[in-house]
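Visitor: Sequence:
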Amino acid sequence: MMTFNIKNILVPLDFSKTSLNALNHATQIAKVKNAKLVLLNALEYIIPLEDRRAFSTSLSTAELSNTLEKNSNEQLEKLATKLKNKGIKSVVTLTVYGGLSQRISETVIDEKIDLVVMGTHGVSGFREFFIGSNTFKVIRDIKCPVLSVNKDAKAEPYKNILLPYRDKRHSRENVDEAIGMAQMFGGKLNILAVDTEFRKSHKKKLDLQVKQIIKFAERSGVKATGNVIEHVYVGETILKYAKRKKIDLLVIMSDLDRMDITEYFTGPFAQQVVNHSPIPVLSVRPRVNPDKIDLTFY
Numbered sequence: 023m024m025t026f027n028i029k030n031i032l033v034p035l036d037f038s039k040t041s042l043n044a045l046n047h048a049t050q051i052a053k054v055k056n057a058k059l060v061l062l063n064a065l066e067y068i069i070p071l072e073d074r075r076a077f078s079t080s081l082s083t084a085e086l087s088n089t090l091e092k093n094s095n096e097q098l099e100k101l102a103t104k105l106k107n108k109g110i111k112s113v114v115t116l117t118v119y120g121g122l123s124q125r126i127s128e129t130v131i132d133e134k135i136d137l138v139v140m141g142t143h144g145v146s147g148f149r150e151f152f153i154g155s156n157t158f159k160v161i162r163d164i165k166c167p168v169l170s171v172n173k174d175a176k177a178e179p180y181k182n183i184l185l186p187y188r189d190k191r192h193s194r195e196n197v198d199e200a201i202g203m204a205q206m207f208g209g210k211l212n213i214l215a216v217d218t219e220f221r222k223s224h225k226k227k228l229d230l231q232v233k234q235i236i237k238f239a240e241r242s243g244v245k246a247t248g249n250v251i252e253h254v255y256v257g258e259t260i261l262k263y264a265k266r267k268k269i270d271l272l273v274i275m276s277d278l279d280r281m282d283i284t285e286y287f288t289g290p291f292a293q294q295v296v297n298h299s300p301i302p303v304l305s306v307r308p309r310v311n312p313d314k315i316d317l318t319f320y
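To convert, count from 1 in the sequence shown and add 22; that's our numbering.
In short, the hints are calculated from the structure, not lab data.
Check before you lean on any hint, since a few could be wrong.
As the list claims (entries may be wrong) - Dumping the calculated SDA-like pairs for lysine to any residue here, alpha-carbon to alpha-carbon at most 20 Å:
| id | residue 1 | residue 2 |
| --- | --- | --- |
| 1 | Lys233 | Thr247 |
| 2 | Lys227 | Met206 |
| 3 | Lys108 | Met206 |
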């Protein structure tokens, strides 16, 4: 089993309520893992009209950019001071220019980021990042997991974690991360397989897969339960199950084929979970790794 090792956490900030709530979630993880927090504010080259109105019209573009950069640095440093007072030993602040998604990707590489934690409904760059056409390409392409947090999601230990499971390629690759989060906070793992084929043989296969994941989790010291539900709509089923079980963290795969994207990311799953649900969502990018859980079916 590969340990979900978290040493460096990136938190993109636009200082909105949502992004600051994401910082709260990142802080609780950093405390447990003794991890470094990297705070990033990306300034667009084209300054929004509402930002221009906050400054004197006599300022040149260069002067205005310098003023915005100075304000960003000051806000980031204030946050860094508060975090250090809360026990976070290492905090790095970065103010950069350019598109948010591109700067996130670059920072993940430059700072050797293990986890990105960001809000799903901020302003300017955040709204563009999550609702724009490049949203899921960025989430999919970032090598490390991305924890997306709604503005109303309370930053409390993740004690009840839901792992949706599908009989698809890469579906098992988020098991380690789900178990790692459960270990981190002493949480319980719920495995939910949604059977859309309505065949006894397929349901039997899913039952076996779920049982094997449960055994794997228990060998790792994590309590786990599992269910197989037959339903046409995967996203809707997951959401209702999460609400009924009072789930406080969802762990999903971010690499999806076109059919999955239609179900997860242009339908109710994305709109209600990734962007609107109070439940934080950990999106894991699949990777070929021999250390991952190997499910052998008989």
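Visitor: Are the hints correct? Go through all of them and say.
Guide: A quick look at each hint next to the structure:
A distance of roughly 8 Å separates the Cα atoms of lysine 233 and threonine 247; the hinted pair therefore holds under the 20 Å criterion. The hinted pair formed by lysine 227 and methionine 206 fails the criterion: a straight-line CA distance of about 30 Å is larger than 20 Å. Of the supplied pair hints, the one linking lysine 108 and methionine 206 holds, its CA atoms being roughly 19 Å apart against a limit of 20 Å.
Hint 2 alone, counting from the list given before, is not met by this structure.
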